[in-house]
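**Student:** One-letter residues, chain by chain:
Number of protein chains: 2
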Amino acid sequence: MSFDRLIEKIIEKQNPSVAGLDPKLSYIPSFIREEAYRRCGKTPEGAAEAILAYNKGLIDALSPIVPAVKPQCAYYEAYGWQGMRALQETIAYAREKGLFVITDGKRNDIGTTMEAYSAAHLGRAEVEEEAFPAFDGDALTVNGYLGSDGIRPLLKDCEAYGKGIFVLVKTSNPSSGELQNLQFEGGETLYATMGRLCEQWGETLPGRYGYSGVGAVVGATYPEQLLELRHSLSRTFFLVPGYGAQGGGARDVLPGFDAKGLGAVINASRSILCAWQKTGAKEEDYALAAAQEARRMRDELVAGLGGRIGA
Amino acid sequence: MSFDRLIEKIIEKQNPSVAGLDPKLSYIPSFIREEAYRRCGKTPEGAAEAILAYNKGLIDALSPIVPAVKPQCAYYEAYGWQGMRALQETIAYAREKGLFVITDGKRNDIGTTMEAYSAAHLGRAEVEEEAFPAFDGDALTVNGYLGSDGIRPLLKDCEAYGKGIFVLVKTSNPSSGELQNLQFEGGETLYATMGRLCEQWGETLPGRYGYSGVGAVVGATYPEQLLELRHSLSRTFFLVPGYGAQGGGARDVLPGFDAKGLGAVINASRSILCAWQKTGAKEEDYALAAAQEARRMRDELVAGLGGRIGA
Chain D
1 MSFDRLIEKI
11 IEKQNPSVAG
21 LDPKLSYIPS
31 FIREEAYRRC
41 GKTPEGAAEA
51 ILAYNKGLID
61 ALSPIVPAVK
71 PQCAYYEAYG
81 WQGMRALQET
91 IAYAREKGLF
101 VITDGKRNDI
111 GTTMEAYSAA
121 HLGRAEVEEE
131 AFPAFDGDAL
141 TVNGYLGSDG
151 IRPLLKDCEA
161 YGKGIFVLVK
171 TSNPSSGELQ
181 NLQFEGGETL
191 YATMGRLCEQ
201 WGETLPGRYG
211 YSGVGAVVGA
221 TYPEQLLELR
231 HSLSRTFFLV
241 PGYGAQGGGA
251 RDVLPGFDAK
261 GLGAVINASR
271 SILCAWQKTG
281 AKEEDYALAA
291 AQEARRMRDE
301 LVAGLGGRIG
311 A
Chain F
1 MSFDRLIEKI
11 IEKQNPSVAG
21 LDPKLSYIPS
31 FIREEAYRRC
41 GKTPEGAAEA
51 ILAYNKGLID
61 ALSPIVPAVK
71 PQCAYYEAYG
81 WQGMRALQET
91 IAYAREKGLF
101 VITDGKRNDI
111 GTTMEAYSAA
121 HLGRAEVEEE
131 AFPAFDGDAL
141 TVNGYLGSDG
151 IRPLLKDCEA
161 YGKGIFVLVK
171 TSNPSSGELQ
181 NLQFEGGETL
191 YATMGRLCEQ
201 WGETLPGRYG
211 YSGVGAVVGA
221 TYPEQLLELR
231 HSLSRTFFLV
241 PGYGAQGGGA
251 RDVLPGFDAK
261 GLGAVINASR
271 SILCAWQKTG
281 AKEEDYALAA
291 AQEARRMRDE
301 LVAGLGGRIG
311 A
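Chains as they are written, first to last, in my numbering: chain D, 1 to 311; chain F, 1 to 311.
Simulated from the structure, these hints should not be mistaken for laboratory data. Please read these numbers as outputs of a predicted model, since none were measured by experiment. It cannot be assumed that every hint is accurate.
To be verified - Here are the simulated EDC-like cross-link-like pairs (lysine to aspartate or glutamate), alpha carbons at most 20 Å apart as the crow flies: (1) 260(F) x 228(F); (2) 24(F) x 130(D); (3) 42(D) x 228(F); (4) 24(F) x 228(D).
Use the sequences and the hints to build the structure in full.
**Tutor:** Here it is in structure tokens:
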């Protein structure tokens, strides 16, 4: 169930990485932006058009290489409902192209409200006797601060629709330790406690590869905690952000994997999205440059893992 | 700054409450749903149309009574971009009618990404040389699990646009204690630590009434913690959910207020939204029934506070 589909794609493509689709306008080649503005004006609608066109080019180029993409909701939400439409169309396009889509929304709320978020991102929302998917990714990132009530409605939809969630455990940002590293009485840190809950929440969603449908977000910028958590959370698949532009390297993420080279998927956003700017490629070659960086990252990870993944 | 505008509206209307706009379709009178489906079909677009029409009726009836409304993002997001358009139009309509709008999104992420969420909900998103507001509420609820990095971008927009944030401290749901009540070494609970951070984050956003632009969400269902936090967090304004359908009563929320009857705004959603169903009112009178319940709640709170608010 759930992350089995992601793991199969990772094995098939021999690539344990995910490309983050965090489309800041400044990352988008001017020919795409100008074309969108000609049609829709320099407006939120124009921005959303540019984002969608940029994403489609990236998805076309990346889909033979990466198993998954991770659109970050915030960059779409910033352009209002037009941006959210671009998010919805991006997710649909990526899934059409065979990619596993992790919607990075970090949603959280009390139980009844989480039913609505779950309908929005994993399941279906009812309109009288019909039910419709909305954003419909394969997995959603969530925040577990509210405890089990806020997670359970998601588990139902994960089971019904074969989807997964990634719960924030140890995030990649500089201040993540401010709360997450504090130790409770007895010595367990907040992040370790959250991780332990992930193992429990995942019990009802077992997978063929030993990993449940409840994953954890653990940043590449904290390799020691990544190692510690890989040891303590044997059933929990990791989404590892922070590789590349945030400072984590291939060596930093290797502790997130198990002996078969499974157990983790490594996200890179800026390093792939902005590869054309960094390498001085022609604007028209932005997607080629992204694919080249995605291949470089894949090769680096696979070499670090010592060859074959999943064997 | 920031919550001063909310506090002024509370004093002006002598009502420290906020009406939650959590529009489940089952709460919406059938004449509104049927009319929307006739125009847009039984589709996400039809659902979004029904939600917007229902909300406008509520806002018209409630705006003379309550100082604020709190749309809950999840119920809009469930209907995809069409739902998000209804959210955007609901917020704009409520602000036109003079209401303070608290967007209940519980957003959270690392710093660079929070800039985008902040642009989406409090500030503006740039499209080349222009900048546009998107959802544009007066305040946003956020989750502080990632620490200061994830809060700072919001503070900038709060200052620039006179807005505020409410950070989840002690939530109203049954499992909120699972993590939030755990004690760190030294004895401070997670919720108290989060509360202390709210006081710090608020230092740069002082207000005329003694409350900063960084508020806290503290559930009515935990009156003891509400009292404890009111004492320890003297500069932090409280958003108190859980009154009414979630089980908190007027007596439970009184500990959230200061000696002047300020310092907190009490949310009720279902009890107001579904008043027409509960009282057996005619469908056409749903907004009247909501207004009646909002007045009843106001009178109950004001009586509990012993009369005048803000004096």
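**Student:** Determine for every hint whether it applies to the structure shown.
**Tutor:** Hint check:
In summary, the hint linking residue 260(F) to residue 228(F) is supported, as the alpha carbons are separated by about 18 Å, within the 20 Å threshold. For the hint pairing residue 24(F) with residue 130(D), the CA-to-CA distance comes to about 15 Å; that is within 20 Å, so the pair holds. This hinted pair does not check out: residue 42(D) and residue 228(F) have alpha carbons roughly 50 Å apart, beyond 20 Å. As the CA atoms of residue 24(F) and residue 228(D) are separated by approximately 43 Å, the hinted pair breaks the 20 Å bound.
Checked against the numbered hints given earlier, this structure breaks hints 3 and 4; the rest are met.
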